[in-house]
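Construct all of the structure, not just a fragment, from the sequences and the given hints.
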Amino acid sequence: MAIAAVAITLIAIYTAGFGVFDEAFLRGGTIALGILVALFASLFGSDDEQVKRSFWGQATDVALIFAIVLSISNFFILYEDLQTGLFELSTFDLFSGWLGVVVILEMTRRLFGLPLFLVTAGALFYCIFGDYLPWIFEHAGFSAEQALSVIWFSFDGIFGRAIAVVTNFILIFIVFGAILDGVGAGQSVLKLVFRLTRRFKGGPAYAAVVSSAVFGTLSGSVAANVVGTGVFTIPMTKSRGFSARFAGAIEAAASSGGQIMPPVMGAVAFIMADVTGIPYLTICLAALVPALFFYSSLFCAVGLQAAKQDIKLAPVKDEDSITAYDYRFAGALGIALSAIVFLLVTGSSPALAGFVAVIISLASGFILNPEFRRDPLQFLIVLIKAGRSCATIIVAVAAIGVVIGAMNMTGLGLRFASLILAASENNVLLSLFFVMAGCLILGMGMPTVPAYLIIVLVMGSAIESMGFSTLTVHLFVVYYGVLSSITPPVALAAYAAAPISGSKPMETAIEAIRIALPGFVIPFFIIFNPSITLVEGFSALTFIWVSIRLTTAVWLITTSLLAFDAGVLPLWQRILRFATAIALIAPIPVVEILSFITALFCIGYQRIFRQRHAATKINL
0 MAIAAVAITL
10 IAIYTAGFGV
20 FDEAFLRGGT
30 IALGILVALF
40 ASLFGSDDEQ
50 VKRSFWGQAT
60 DVALIFAIVL
70 SISNFFILYE
80 DLQTGLFELS
90 TFDLFSGWLG
100 VVVILEMTRR
110 LFGLPLFLVT
120 AGALFYCIFG
130 DYLPWIFEHA
140 GFSAEQALSV
150 IWFSFDGIFG
160 RAIAVVTNFI
170 LIFIVFGAIL
180 DGVGAGQSVL
190 KLVFRLTRRF
200 KGGPAYAAVV
210 SSAVFGTLSG
220 SVAANVVGTG
230 VFTIPMTKSR
240 GFSARFAGAI
250 EAAASSGGQI
260 MPPVMGAVAF
270 IMADVTGIPY
280 LTICLAALVP
290 ALFFYSSLFC
300 AVGLQAAKQD
310 IKLAPVKDED
320 SITAYDYRFA
330 GALGIALSAI
340 VFLLVTGSSP
350 ALAGFVAVII
360 SLASGFILNP
370 EFRRDPLQFL
380 IVLIKAGRSC
390 ATIIVAVAAI
400 GVVIGAMNMT
410 GLGLRFASLI
420 LAASENNVLL
430 SLFFVMAGCL
440 ILGMGMPTVP
450 AYLIIVLVMG
460 SAIESMGFST
470 LTVHLFVVYY
480 GVLSSITPPV
490 ALAAYAAAPI
500 SGSKPMETAI
510 EAIRIALPGF
520 VIPFFIIFNP
530 SITLVEGFSA
540 LTFIWVSIRL
550 TTAVWLITTS
560 LLAFDAGVLP
570 LWQRILRFAT
580 AIALIAPIPV
590 VEILSFITAL
600 FCIGYQRIFR
610 QRHAATKINL
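Mind the numbering: the sequence shown is residues 0 to 619 in numbering that gives the first Met the number 0, read in order.
Since no wrong hints were added, every one of them can be taken at face value.
No more than 30 angstroms apart at the CA atoms, straight line, and that leaves these computed lysine-lysine pairs for DSSO-like:
hint: 1; residue 1: K200; residue 2: K307
hint: 2; residue 1: K200; residue 2: K503
hint: 3; residue 1: K311; residue 2: K503
Keep in mind the hints are simulated off the structure, nothing from the lab. Note that the structure is a prediction, hence the values are computed from the model and not measured.
In structure tokens, the structure reads:
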């Protein structure tokens, strides 16, 4: 496993720095190595956890290893014929191709559970048997051989554009994040964030929000971000007086939000640029303000919860001391991120920017961390962990390749769009609610990149058919793909945070939804008020008005769900606040104004009421 993992990491670094050596061999080899890393981890156990497997389980793993090696090898043999398109599949070719598809389906089930497995298997089933389905789901029909020729033996399925973008642009940023964590930059930055927030009542919880935003933007995995920062932030948040459920929930929500925070956006920004043709910098600029609003809502939730519980400031002596070493490491991270932004702004490719950031982080680890100078083999461990992180994304994107192939053959996305429009009777708001629900379901249990891909495939055309711009549509689906990681019943981020906090997973997920619910409103503001993206129909006055309304909506939703705003809120206030916040979304001038006036009444009434209540107590 170690050799395969290091190979993935080195391939990602080489490709980013020196270019693609052979497109077909790069795609096929990367998929083979990713699956082998996952299989070897299952067969022999990972470095930090020995997995006990029965004899039949081990025999199955060995068979899967031979199967994927055979399948990919035969794909390489047929490579030249595949380029011309003039080939006829033999019985052995069909056998090897189906073996490869079965291995990918099985590894998808093992790594991501039933949600992604069912979606992938369902797409394959629909491709072959869709001609037997009724109504708009019926298509012309394809044989198993036709399906396999597209899904496996072409560059429109598993070995298509999705895996190409991942190998060319995304893996290098996953390696970058893993190296930063491995060399110790994460702990130094966390200590600095804790120091900056120690004077606030919600100190560690604020630190969880900030650190998760910083590292979440670099990580393509919400669960990895939760575990990486949560092991430090969650215990400290609990020690300040917050409940275990709240500590886990704020970490889960903040880690999820990292995937929508520029400049990297969990690597989804690069694949979005490739899918849409919109420049990367335009996507980052468009995502910036909504992401800041999302994190502002989390800050509001922490501050209100701290005030509600009357949490006291922690003594300064309880804080970890900050050393020159920590400042140097934080500076190294700042240099790496600045290099990424500078190179992208000056027109360099994302791959080159990631390559330079990796070199800076490796050099920082060697120069600043004495453990790495004493034992250079520590770098090998870092490379192995980076490869294992890459392998997870590779398997997921290979599964998405099956869905892409099936979609290309059957046109299911357009059929789904027609279904949504028919069900909502051309009601735009209702259609968007259907799309939101579909995004949350399709994104459950998946890393951000494959979640984004599959949601866009199925849902993107449904929203674009309503007349919205491509940029706002893709931001809409990315948000709900990200928020699916805290949405029950799967709630991957909450399940990762719960064992660390000592709370129940489902309670943590529900609390995370309560904290992050303003994030569910932000995509509707993006769709109906594109000026907030700064690049779509921007107008200064419109931007200011939308920002005021969104700020008000965030405050109303947060105070309503936490039942606190300068004091405990009565039920009627909570209901009125929540309803007013939803009304603020409506792109109807009269409704906008009336709902804003109602919001001012709610906020003003509560403060006047609290002042009179306090004066009455003093008089008594």
